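Participant: Protein chains in written order, with our numbering: chain B, 1 to 223; chain X, 1 to 223.
Since the hints were derived computationally from the structure, they do not count as laboratory data. There could be a bad hint or two in this list.
[To be verified] Below 30 Å or equal to it, Euclidean Cα-Cα: the simulated DSS-like pairs (lysine-lysine) are: (1) X/Lys82 x B/Lys82; (2) X/Lys216 x X/Lys160; (3) B/Lys29 x B/Lys181; (4) B/Lys31 x B/Lys201; (5) X/Lys181 x X/Lys29; (6) X/Lys201 x X/Lys216; (7) X/Lys181 x X/Lys82; (8) B/Lys201 x X/Lys58; (9) B/Lys31 x B/Lys86; (10) X/Lys160 x B/Lys181; (11) B/Lys31 x B/Lys216; (12) B/Lys181 x X/Lys82; (13) X/Lys29 x X/Lys58; (14) X/Lys58 x X/Lys160; (15) X/Lys181 x X/Lys86; (16) X/Lys201 x B/Lys201; (17) B/Lys58 x B/Lys181; (18) B/Lys31 x B/Lys58; (19) B/Lys181 x B/Lys86; (20) B/Lys181 x X/Lys29; (21) B/Lys86 x X/Lys82.
[Stated by the list, open to error] Covered by chain B, according to a simulated footprint, are these stretches of chain X (three or more residues, beta-carbon under 8 Å): (22) 81-87; (23) 158-164; (24) 190-204.
Predicted, not measured: the structure shown is a model, and the values here were computed from it. The beta-carbon is built from N, C-alpha and C at its ideal position, and this holds for glycine as well.
There are 2 protein chains.
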Amino acid sequence: MGKVRTILLNQSVLADNDGEAQRLREELKEKGTFLINVMSSPGAGKTTLLVGLINRLKEHISAGVMEADIDSDVDAVRVAEKTGCKSIQLHTGGMCHLDAQMTRQGLEGLDGLPRLIFLENVGNLVCPAEYDTGAHLDAVLLSVPEGDDKPLKYPLVFQKCGLVIITKTDAGDYFPFDLQKCIRNIRLRNPRADILPVSAKTGEGMRELSEYILNKINGKEKT
Amino acid sequence: MGKVRTILLNQSVLADNDGEAQRLREELKEKGTFLINVMSSPGAGKTTLLVGLINRLKEHISAGVMEADIDSDVDAVRVAEKTGCKSIQLHTGGMCHLDAQMTRQGLEGLDGLPRLIFLENVGNLVCPAEYDTGAHLDAVLLSVPEGDDKPLKYPLVFQKCGLVIITKTDAGDYFPFDLQKCIRNIRLRNPRADILPVSAKTGEGMRELSEYILNKINGKEKT
C-alpha cells in the first residue's frame with residue numbers, strides 16, 4: 001500500500017466563507033494552480049474517474065488530489081497507487097461538506113502546488129453545494145444507476161455547478177436511464193452547465209473530458 | 001397522475017431532538033403504528049423498494065409512506081399510483097435531513113395513522129444518521145452499484161441502523177461488488193445489524209424482507 005498523508009480538518013470558524021473562497025481562488029490563480037471541486041452521491045464513481053483522468057492528463061500537466069472523507073483512507077491510497085500523483089487524505093471529522101478554509105488546510109498539507117488539483121468532496125449531493133470551496137470549476141457527477149430524475153430532487157448542486165459529468169454510461173443498457181431526459185432535467189436547473197457523458201470502464205468520453213479540462217485550465221478560468 | 005398532498009416542513013427549533021424522538025416513538029407505539037426510517041444515498045432504490053414492499057405487505061397490513069425530498073413530488077405520486085396506499089410528500093426546504101419534529105409534522109399531514117409507515121428520508125448517507133426521527137426501526141439501503149466499501153466511508157449511518165438492505169443485487173454481475181466483503185465492512189461498523197440482500201427488479205429477497213418487517217411489527221419493536 002502506498003503511503004499518503006492524512007489530515008484531520010478543523011471545523012471552520014469563518015462567518016464569511018464566500019469571501020475566503022474568493023481569496024483562495026485568486027491566490028491559487030496567481031500561483032498558476034487550477035482547482036476542481038468534484039461532488040456527487042456516494043458511489044457515483046468519483047475516485048475511479050479521477051484515476052482514469054489523471055492518467056490521461058499526466059503527460060500534459062502535473063496533477064494532485066485531495067480526497068475528503070468522513071473516515072477511511074481508501075481513496076487517497078488508491079489514487080496514489082494507480083496514478084503516482086500527489087495525493088492527500090482529508091478527514092472531515094464527521095462534517096458532511098468542505099468549505100474554503102477546510103480546502104485551504106488541505107492545500108497546505110499537499111506539499112507543493114501542482115498545476116491542477118482535484119478536490120474530491122464528501123459523497124453527498126446536498127450539503128457540499130452550499131459551500132464555495134474556492135475552486136475554479138465545480139463539477140458534479142451523476143451516475144447512470146442513480147437515475148435520470150436526480151436533478152429534480154437535488155436542485156442546488158445542479159444549479160451551482162459548471163460541469164455535469166454523467167458517469168457509468170456503460171451501464172446504460174442495464175438501468176432505465178434516459179440520457180436525453182436527464183439532460184432536460186439538468187437544463188431545468190441550469191441552462192448553462194456543460195454536460196459530458198463518460199465511462200471510466202470503457203473509456204467512452206474520457207478523451208473529451210480530458211480535453212475539456214485542459215481547455216479550462218489554459219483559457220477559461222472562473223475568476 | 002395521482003394526487004398527493006405536499007407539506008413544506010418548518011425547520012425545527014427544539015434543542016432536545018432525542019427527547020422529542022423518544023416521545024414520538026412512544027406515542028406511535030400506543031397508537032399501534034410502527035414507523036420505519038429509510039435512509040440511503042440518492043438513487044439507491046428507496047422508492048422502488050418501497051413500492052415492491054408495500055404491494056407485498058398490503059394484504060397483511062395497512063401501510064403509508066412519507067416521502068421527504070428537498071424538492072419535487074416525483075416519489076409520493078409514484079408510490080400512490082403504484083400501491084394505492086396513503087402517501088404524502090414532505091419538502092424539507094433545502095434541509096439535508098429529517099428530525100423528530102419534522103417527522104411529527106409529516107405524520108400530522110398523513111390523514112390517519114396506518115399500522116405501518118415508511119419515512120423515506122432525504123437521499124444522503126451523512127446527515128440523516130445524526131438525527132433520531134422517532135422511528136422504531138432505522139433501515140439503511142446500500143445499492144450494489146455504489147460499492148462494497150461504503151460502510152468504511154460513511155460510518156455513522158451503518159453504526160446506528162438496525163437493518164441494512166443491500167439493494168439492486170441483480171446488478172451483482174455487472175459491478176465489482178463483493179457481498180461477503182460488504183457484510184464484513186458492515187460488521188466492522190455494527191456487529192448487530194440485520195443484513196438482507198434484495199432485488200426489487202427480480203423479487204429476490206423481497207419475501208424475506210416482508211416477513212422480517214411483519215415480525216418486527218408483531219413482536220420486536222424498539223421501545
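Participant: Each hint: holds or not?
Facilitator: The hints, checked one at a time:
1. X/Lys82 x B/Lys82: Violated. X/Lys82 to B/Lys82 sits at ~46 Å, over the 30 Å cutoff.
2. X/Lys216 x X/Lys160: holds (17 Å)
3. B/Lys29 x B/Lys181: Given that 30 Å is the threshold and the Cα spacing comes to 37 Å, the pair is violated.
4. B/Lys31 x B/Lys201: violated (34 Å)
5. X/Lys181 x X/Lys29: Roughly 36 Å between the alpha carbons, so the hint for X/Lys181 and X/Lys29 is violated.
6. X/Lys201 x X/Lys216: Judged against 30 Å, a Cα distance of about 24 Å means the pair holds.
7. X/Lys181 x X/Lys82: violated (35 Å)
8. B/Lys201 x X/Lys58: violated (41 Å)
9. B/Lys31 x B/Lys86: Answer holds: B/Lys31 to B/Lys86 is near 17 Å, not above 30 Å.
10. X/Lys160 x B/Lys181: Violated: X/Lys160 and B/Lys181 sit about 36 Å apart, past 30 Å.
11. B/Lys31 x B/Lys216: Since the Cα atoms of B/Lys31 and B/Lys216 sit roughly 16 Å apart, the hinted pair holds (cutoff 30 Å).
12. B/Lys181 x X/Lys82: The hint holds at about 22 Å.
13. X/Lys29 x X/Lys58: Holds. X/Lys29 to X/Lys58 sits at ~20 Å (cutoff 30 Å).
14. X/Lys58 x X/Lys160: Between X/Lys58 and X/Lys160 the Cα gap is close to 28 Å, so the pair holds against 30 Å.
15. X/Lys181 x X/Lys86: This hinted pair is violated, its Cα atoms lying about 38 Å apart.
16. X/Lys201 x B/Lys201: This hinted pair holds, its Cα atoms lying about 24 Å apart.
17. B/Lys58 x B/Lys181: violated (34 Å)
18. B/Lys31 x B/Lys58: Satisfied, since the Cα-Cα distance of roughly 19 Å is no more than 30 Å.
19. B/Lys181 x B/Lys86: violated (38 Å)
20. B/Lys181 x X/Lys29: Given that 30 Å is the threshold and the Cα spacing comes to 43 Å, the pair is violated.
21. B/Lys86 x X/Lys82: violated (50 Å)
22. 81-87: violated (count 0)
23. 158-164: It is violated, with 0 qualifying residues against the three required.
24. 190-204: It is violated, with 0 qualifying residues against the three required.
The structure shown violates the earlier hints numbered 1, 3, 4, 5, 7, 8, 10, 15, 17, 19, 20, 21, 22, 23 and 24.
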